[in-house]
Amino acid sequence: MIAVEHLRKEFSYYKKATGIKGSLQNVFHRETLTKEAVRDISFSVEKGEMIGFLGPNGAGKTTTLKMLSGILYPTGGKVEIDGFIPWERKNEFKRRISIVMGQKNQLWWDLPASDSFYLNKCIFGVDDGTYRDVVTELAELLDVRELLNVQVRRLSLGERMKMELLAALIHQPDILFLDEPTIGLDILSQKKIREFLRIYNQQRKTTVIITSHYMADIEALCRRAVIINQGQLVYDGQLGDINRVLGERKLLSVKTSGEVNEKQWENFGRVREISAAGAVLEVPQEKVKAVLGAILSGLPVEDFTVTEIPIEESIARFYQKEVATI
Amino acid sequence: MSSYRCVFLMGVEQALEYRVSFFLSMLSAVFPIIIQTAMWNYLYAHSDAAGVFGYEQGQILLYTLLATIVSQLVGAGFEGEMNRDVKMGGLNKYLIRPVDYKWYQFFRFLGQKIPRLMVAVPVMAVIVGVAFWQGLPLSAGRVLGFLGSLILGMALNFSIFYCLGLLGFWLTDADKLFGTVGIVLMVASGGVFPLDIFGGLVETVVNILPFGYTTQFPVNIINGRFGWERIGMGFGFQLGWILVFACLGRHMWRQGIKRYAAVGG
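Chains A and B, in that order, are what the protein sequence lines are.
Start counting the first sequence at 1; every next residue gets the next number (our numbering).
Start counting the second sequence at 1001; every next residue gets the next number (our numbering).
In short, the hints are calculated from the structure, not lab data.
Any given hint might turn out to be false.
Below, a list of computed lysine-lysine pairs in the DSBU-like style, where the Cα atoms sit at most 35 Å apart [as the list claims (entries may be wrong)]:
id, chain 1, residue 1, chain 2, residue 2
1, B, Lys1176, A, Lys21
2, A, Lys104, B, Lys1087
3, A, Lys15, B, Lys1093
4, B, Lys1176, A, Lys78
5, A, Lys47, A, Lys15
6, A, Lys104, B, Lys1093
7, A, Lys16, A, Lys47
8, A, Lys78, B, Lys1102
9, B, Lys1258, A, Lys47
10, A, Lys15, B, Lys1176
11, A, Lys90, A, Lys205
12, B, Lys1102, A, Lys35
Bound conformation, chain A alone (with noise of 0.2 Å):
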């Protein structure tokens, strides 16, 4: 159980005018600044739950991340896991835990995977028969079976993330942050871990925090999201309300045998798209049928379709700070 209430963050910095002349000056005289990262954030996360902690970059994600994993002290707020605080850095706490940060690695470069996933066995005093099965195991989850005594410098970005994901696993942590784990894999090896992530939470019931900026991974993972944006909480909730939340809108994609001007379709709805074989048009879910009504008995219609918005597009909404904080 995580339970996060009003974390803040700041961090202090100096700024530098170009060139030398600025240099110099900050030789004399610094200009300290205040960056508030996180801002009043507070939620919720029950055992076993995967929620996809989402916002566009330098919104504060990491940050709460590494507060939460014990990294950083806060500014204010408070976050208490399992009944721990995480920056007092208890052992304790240590071996519930674990992150993975899709830009860092925690293995030993010159050496094999294997003998990093040693080391954190000795490290977190996993007995040799638990050692031997969660490796096994989750080797042949992640397909690197073959790949456990190369030296991780000879392996592929892909193939180095699924070794990192084992090694951070290698203490079965109660909870476990992920951030960007899959950032810069190709589509093959995002598809793996995310089928992989799927699997051991439901498996192992494991808390599971996972940043991404590719919504494939959040949608295949995440049930709720949470999402901040210039380091506050503007959703938190089921990833399918999303929409309803920014007024339910459907699109509309119409197929017509003719031309037909956009006057015409702008007497529907708005549009999105247009070209001489049809248009897309967003309009209110309450408005659809009458709509789709008029149109067909108006317009040389040869086919329709009518789809959600994409939640990608609703999210970017989130981060252009086109809704207001909920």
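The hints should help you fit chain B onto chain A, whose structure is shown.
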């Protein structure tokens, strides 16, 4: 404890992983030895060097050979990585695991030294053997004293460079500093030539400063230059300085990690 044993063994493995680089680094010790031998030979042939320096030609050659090897053995080399850990966030992986960063680095440092020791110890045995055959007074006590002081010298040099590495918390680009400091400390430790050739004040200062206790001190035990009383004192200084740098390192770590974790914003 078992986790540090594991780190130690991985350090050994890591050092063995790059065979070419390993032999090249061993070989790199040969060149300074050749240059210095030539230099000393020239000096002794053309001046009253023995009178000026207080070392016979054979003694100075023995010193140079042993000091170069000892200097390689106690040499650090992890400070750059520490600096990167601090700057690039590599430290995170230690903070989230139940390990102590200092001991982790220490045991890896020791592990990485093992292959080097396995080559260096026989080479030193041959050098000392030849010197013994030439009339160097040698005893089991001196050999043991040398080995003991070598281990303490490694611990001391580790403590010094660990503190240096921790400077990364405060200096954005400490990397450049390491090159300069490395060379200065190499000379200050007596790794290039014996510092007691200067006599007087310099010798006193060297005897008080910690650096000589990483290299010059062990060599002066095995080459018979130090009497038992000075050896005893030397061990006292070694242990004392290790303690001082251990405390300094501890303090720097505490302050540094607060900065790193941005305590209080």
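Right, here's what the structure says about each hint:
no.	hint	verdict
1	B/Lys1176 - A/Lys21	holds, 23 Å
2	A/Lys104 - B/Lys1087	holds, 13 Å
3	A/Lys15 - B/Lys1093	holds, 30 Å
4	B/Lys1176 - A/Lys78	violated, 40 Å
5	A/Lys47 - A/Lys15	violated, 43 Å
6	A/Lys104 - B/Lys1093	holds, 9 Å
7	A/Lys16 - A/Lys47	violated, 46 Å
8	A/Lys78 - B/Lys1102	holds, 30 Å
9	B/Lys1258 - A/Lys47	holds, 31 Å
10	A/Lys15 - B/Lys1176	holds, 24 Å
11	A/Lys90 - A/Lys205	holds, 23 Å
12	B/Lys1102 - A/Lys35	holds, 32 Å
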